[in-house]
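Chains Y and U, in that order, are what the protein sequence lines are. Take the first sequence: its position 43, counted from the start at 1, is 43 in my numbering, and no numbers get skipped. So the number in my numbering is just where the residue sits in the second sequence, counting from 1, plus 72.
Honestly, the hints are just simulated from the structure, not real lab data. Computed from a prediction, not measured in an experiment: that's the story for all the values here. Even for Gly, the Cβ is constructed at its ideal location relative to N, Cα and C. Each hint should be verified, as a subset may be incorrect.
Claimed, not checked - Simulated DEER-style distance windows between Cβ atoms: (1) U:ARG454 / Y:ALA27: 58 to 64 Å; (2) Y:PRO69 / U:VAL450: 49 to 55 Å; (3) Y:GLY29 / U:ARG290: 33 to 39 Å; (4) U:THR93 / Y:GLY29: 43 to 49 Å; (5) U:LYS99 / Y:GLY29: 26 to 32 Å.
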Amino acid sequence: MTSWRVEVTPDCIASGVCLALAGDDFALGDDGRTHPLREVTEEREAVLDAAASCPMEAILLTDATTGEPVDF
Amino acid sequence: MPESLTYPFPPAESIFHPSPTLSALQKSEPIARFSTADGRTGWVVTRYQDVRTVLVDPRFSRAEASNPELNLPDTGLGQATTGSILGLDPPEHTRLRRLVAGAFTARRVEALRPRAAEIVGELIDALTALPQPVDLVEHFSLPLPVQVICELLGVPAEDRHVFHGWSDAVLGDVTTDPARIAGAFAALDAYFRKLIAAKREQPADDLMTALIEARDERDRLSEDELVRLCQTVLVAGHETTANMINMFLLTLHENPEQLNRLLTQPETIPQAVEELMRFVQLGEGSGLVRVTTEEVELAGVRIPAGSAVVPLMTVANRDPQLFDDPDTLDVTRSAGAHLGFGAGVHHCLGAQLARMELQEALRGLLARLPGLRVDVPVAELRFKNGMIVRSLHELPVRW
Ligand code: HEM
Ligand code: HEM
Ligand code: SF4
Numbered sequence: 001m002t003s004w005r006v007e008v009t010p011d012c013i014a015s016g017v018c019l020a021l022a023g024d025d026f027a028l029g030d031d032g033r034t035h036p037l038r039e040v041t042e043e044r045e046a047v048l049d050a051a052a053s054c055p056m057e058a059i060l061l062t063d064a065t066t067g068e069p070v071d072f
Numbered sequence: 073m074p075e076s077l078t079y080p081f082p083p084a085e086s087i088f089h090p091s092p093t094l095s096a097l098q099k100s101e102p103i104a105r106f107s108t109a110d111g112r113t114g115w116v117v118t119r120y121q122d123v124r125t126v127l128v129d130p131r132f133s134r135a136e137a138s139n140p141e142l143n144l145p146d147t148g149l150g151q152a153t154t155g156s157i158l159g160l161d162p163p164e165h166t167r168l169r170r171l172v173a174g175a176f177t178a179r180r181v182e183a184l185r186p187r188a189a190e191i192v193g194e195l196i197d198a199l200t201a202l203p204q205p206v207d208l209v210e211h212f213s214l215p216l217p218v219q220v221i222c223e224l225l226g227v228p229a230e231d232r233h234v235f236h237g238w239s240d241a242v243l244g245d246v247t248t249d250p251a252r253i254a255g256a257f258a259a260l261d262a263y264f265r266k267l268i269a270a271k272r273e274q275p276a277d278d279l280m281t282a283l284i285e286a287r288d289e290r291d292r293l294s295e296d297e298l299v300r301l302c303q304t305v306l307v308a309g310h311e312t313t314a315n316m317i318n319m320f321l322l323t324l325h326e327n328p329e330q331l332n333r334l335l336t337q338p339e340t341i342p343q344a345v346e347e348l349m350r351f352v353q354l355g356e357g358s359g360l361v362r363v364t365t366e367e368v369e370l371a372g373v374r375i376p377a378g379s380a381v382v383p384l385m386t387v388a389n390r391d392p393q394l395f396d397d398p399d400t401l402d403v404t405r406s407a408g409a410h411l412g413f414g415a416g417v418h419h420c421l422g423a424q425l426a427r428m429e430l431q432e433a434l435r436g437l438l439a440r441l442p443g444l445r446v447d448v449p450v451a452e453l454r455f456k457n458g459m460i461v462r463s464l465h466e467l468p469v470r471w
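Assemble the whole structure, with the sequences as input and the hints as a guide.
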């Protein structure tokens, strides 16, 4: 099982797309931006869906061991 | 006990503010029950945080809104979006949305900005050659989004005029004869099937060709889905944007000191667009209904499973909990959190595109026609009958 490092960049506009798709993985912060709930997570379809659907391409996924970007 | 609320909700007294009845609910009864004349019931939600929850929380379903067994109140929205992306829940929704999301990202939209600015310039050149007053709807607000979306999608410019009747029937008057709406859908359907066949023969560098590839090579999209997706993108993209442009201008003319600020500081236009998106009441106070898939407790109110829940984005955008002095237009505030594009999985697919078009439209109009003014009193403006989105027949302007 691969682990991913999850990052949300300051480009986030709080559209809530990822919150709806992967509510166990992302949450809205007091700063009005979304943040990952865990910095590293097991690979998960919901997180992939969120990253692929983000209108700002603000969700960055990388392989936690190799640092390679995850394709979606 | 508050008085019982009936749908259709009491109309707004001004085109610039929500109906006072609905605004009052925010304080007195943020999760309020309503009923229709034929005795069906639902819930209407008006506070910012609660509206956001309804939009984001997957227990509020859009797909169930077209379930005929639930005997939901007919708020005039149900059948319209059945089978479209706006009528699906995840995971079906996710598959479709992922296919198109890439074409509408902020990055892709930035690449279209120079072309949009060029279209703005061409439209202003053409309209300034006409005798005044000029109808801004016909010569600017509508052609801008139609031209942009047609170029993005790959719809030939010559065919543009045929969409107007269709979108009027579809996004239009809730009192329209259902047969007319069905006829409009059938015509649009036939048109797109023909166009898709033509693009199969002759692929182009456009969204429709990309979607056809997703269908033909990877089999991720059915033919019906492909047709429907193209239609939805076309329909959702122009009536909304066109009327937003109209409402922006009307709103700025009601607030001349704000207009002046933009004229002297055009670099603040992007921020002003967010505030205008927050402030403008594009809809008349209905909203696309959601249905609870299980019992949900929202702000202390227990909503049973299978209930219709109507989130009022336009009222939520005036919530004092989130925005100070919410009924005042202030183009210097940070209004980015507004719900004008919704939130959650159905967050407007075209939000970045619409933002860019609105910014370029304002930039072009303010720079080229700083003296632009509406030629009729607000009270005499004619909005299309029973229209969902506040939609103007015409907007005569001088400069
Ligand atoms: C200022 C103009 C616009 C406004 C105010 C607007 C507003 C909205 C809102 C509020 C929603 C969510 C509805 C809901 O969840 O109940 C939505 C969805 C949508 N919008 Fe827009 N929109 C605009 C322009 C556009 C444009 C230019 C496009 C074209 C690409 C577009 C395409 C869509 C689509 C396809 C959806 C459904 C998304 C889904 O279900 O996943 N919109 N829009
Ligand atoms: C392909 C079909 C359709 C699409 C993609 C679509 C898209 C949208 C979008 C993007 C909005 C948000 C605009 C806003 O509120 O700012 C909206 C609002 C709305 N639409 Fe549609 N629509 C479709 C068909 C229809 C039809 C046929 C009806 C009614 C007969 C309808 C009724 C409404 C209503 C009542 C609203 C709420 C406006 C408000 O905010 O008060 N829609 N629709
Ligand atoms: S989908 Fe993207 S823009 Fe929307 S809340 Fe998540 S990270 Fe932010």
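Enumerated hints in conflict with the structure, sorted upward | 1 and 4
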